[in-house]
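Undergrad: Sequence:
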Amino acid sequence: MIKLIRYYQQQDPAAPSILETIFAYPGLHAILLHRPANLLWRCKLKFLGRLLSHITRFLTGIEIHPGATIGSYCFIDHGMGIVIGETAIVGNYVSLYHGVTLGSSGNPKLRHTKRHPTVEDEVIIGAGAKILGNITIGKHCRVSPNSVVMESMQPYTTTLPIQTKIVHQSTQKN
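The sequence shown begins at 412 in the numbering used here and counts up one residue at a time.
A hint or two may mislead.
Pairs of lysine to aspartate or glutamate residues, derived as EDC-like cross-links and limited to a Cα-Cα distance of at most 20 Å, are as follows [unchecked claim]:
| # | residue 1 | residue 2 |
| --- | --- | --- |
| 1 | 457 | 474 |
| 2 | 541 | 497 |
| 3 | 541 | 474 |
| 4 | 520 | 488 |
| 5 | 525 | 474 |
Per label pair, the in silico range of CB-to-CB distance [as the list claims (entries may be wrong)]:
| # | residue 1 | residue 2 | range |
| --- | --- | --- | --- |
| 6 | 556 | 455 | 32 to 42 Å |
| 7 | 563 | 520 | 12 to 22 Å |
| 8 | 580 | 524 | 43 to 53 Å |
| 9 | 483 | 583 | 11 to 21 Å |
Worth flagging that the hints you see were computed from the coordinates, not collected in a lab. Ideal Cβ positions, reconstructed from N, Cα and C, are used throughout, including at glycine.
All chains should be modelled from the sequences, with the hints used to inform the complete structure.
TA: Okay, structure coming up:
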């Protein structure tokens with residue numbers, strides 16, 4: 412646990428002390444509480460795993476299904492609104508920013524199959540990105556903020572951000 416706390420400090424220059432990191436980082440709390448929720452889920456105590464996951468979501472604003480697999484040193488920064496689905500697999504040293512969804516493609520016929528993304532090691536997923544379906548985001552990929560990814564990305568790939576286009580400029584105040 413101490414190594415994970417120190418990792419959070421290394422990743423965020425705004426984390427001045429161990430105490431502040433321990434008490435004021437909901438991403439860290441979500442990861443630490445996911446571990447026992449996932450253990451309960453794997454031990455067939457699914458209701459208890461879901462209950463702990465639900466309490467964690469209430470406390471942190473981060474929803475990680477207890478069936479999701481999260482690797483070592485997953486860094487969640489400004490985690491509000493993150494959703495990680497049941498069959499998602501998140502590798503080691505992955506960084507997720509607020510509003511990220513690792514979700515299914517929405518097909519209810521896929522209930523008992525792998526339907527969420529696999530995110531390999533050392534991936535950065537920007538704020539608001541949506542990665543949907545049983546796809547793989549290869550190691551060292553960079554997913555730009557607000558991207559919608561519905562097909563696999565080869566390792567070392569970067570998505571282009573969505574750019575705002577100005578379509579009209581008024582000459583007077585409205």
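Undergrad: Now look at each hint and say whether the structure bears it out.
TA: So, going through the hints one by one against the coordinates:
no., hint, in the structure
1, 457 <-> 474, "holds, 16 Å"
2, 541 <-> 497, "holds, 15 Å"
3, 541 <-> 474, "holds, 14 Å"
4, 520 <-> 488, "violated, 33 Å"
5, 525 <-> 474, "holds, 18 Å"
6, 556 <-> 455: 32 to 42 Å, "holds, 38 Å"
7, 563 <-> 520: 12 to 22 Å, "holds, 21 Å"
8, 580 <-> 524: 43 to 53 Å, "holds, 50 Å"
9, 483 <-> 583: 11 to 21 Å, "violated, 57 Å"
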